[in-house]
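**Q** So the protein lines, in turn, are chains A and B. Read the first sequence against the numbering used here and you will find it ends at 115, with the numbers running on by one and no gaps. Read the second sequence against the numbering used here and you will find it ends at 227, with the numbers running on by one and no gaps.
Any given hint might turn out to be false.
[Unchecked claim] Have a look at the derived ranges for each label pair, beta carbon to beta carbon:
no., chain 1, residue 1, chain 2, residue 2, range
1, A, Q17, B, S194, 46 to 54 Å
2, A, N52, B, P210, 21 to 29 Å
3, B, D170, A, S27, 27 to 35 Å
4, B, N137, A, Q17, 34 to 42 Å
5, B, S173, A, Q17, 41 to 49 Å
6, B, T127, A, E68, 24 to 32 Å
7, B, K171, A, D62, 24 to 32 Å
Hints are computed from structural coordinates only; laboratory data are not their basis. Where a beta carbon is used, it is the ideal one built from N, C-alpha and C, also for glycine.
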Amino acid sequence: EPEVTQTPSHQVTQMGQEVILRCVPISNHLYFYWYRQILGQKVEFLVSFYNNEISEKSEIFDDQFSVERPDGSNFTLKIRSTKLEDSAMYFCASIWREPYNSPLHFGNGTRLTVT
Amino acid sequence: GDSVTQMEGPVTLSEEACLTINCTYTATGYPSLFWYVQYPGEGLQLLLKATKADDKGSNKGFEATYRKETTSFHLEKGSVQVSDSAVYFCALSDPGYSTLTFGKGTMLLVSP
């Protein structure tokens, strides 16, 4: 079965550094998402992306965050200048189409540790 | 805004015990409700869902019934296995939208 793949599985970075988290969604999917889970907290929606633009974003997704689909397969989340509180598990997800008639397919996540 | 509250974990059970993980929600309108499961080292996988009141979602022996009157969607299984050890997330989405609102997750540990 096709999978959403995320790399790396664990990233350690220093505060203030830029980090790029990478995702390869399922090939025929059209909608892409980033969620994150701070340890012990809820899984939170960050942003959704369709047709090469952001379709929805949460209040967490401020100017420090950006997303890009640089080619036909990758979907990236960039954090421009990481803060300690950005430490979390970041999940990428994709879906074929909206409205919700099939489940979101999630990747295994990237654990980001900011020191 | 929408929110999901689920019971704190970890829930520790012996194999073949009964499982209930409570989930309640707050939402405007009539959301769709979901249970996702995360096995160790893996991503979130949809376990079951229900899209309207009184619907029962079921999969792999797990069940949950959409109770509008109590705004609940409790996860149940009659006899758990060691392989059910995972983190279980209750979630909702507004009708017609795929963006999910999750609960904090409940870890289930099943011992032989």
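**Q** Each of the hints needs a verdict: does it hold here or not?
**A** Okay, the hints, checked on the actual structure:
1. A:Q17 to B:S194: 46 to 54 Å: holds, 49 Å
2. A:N52 to B:P210: 21 to 29 Å: holds, 26 Å
3. B:D170 to A:S27: 27 to 35 Å: Holds - the Cβ-Cβ distance for B:D170 and A:S27, about 31 Å, lies within 27 to 35 Å.
4. B:N137 to A:Q17: 34 to 42 Å: holds, 41 Å
5. B:S173 to A:Q17: 41 to 49 Å: holds, 46 Å
6. B:T127 to A:E68: 24 to 32 Å: The hinted range 24 to 32 Å is violated for B:T127 and A:E68, with Cβ atoms some 43 Å apart.
7. B:K171 to A:D62: 24 to 32 Å: violated, 40 Å
Taken one by one, the earlier hints fail for this structure at numbers 6 and 7, listed in ascending order.
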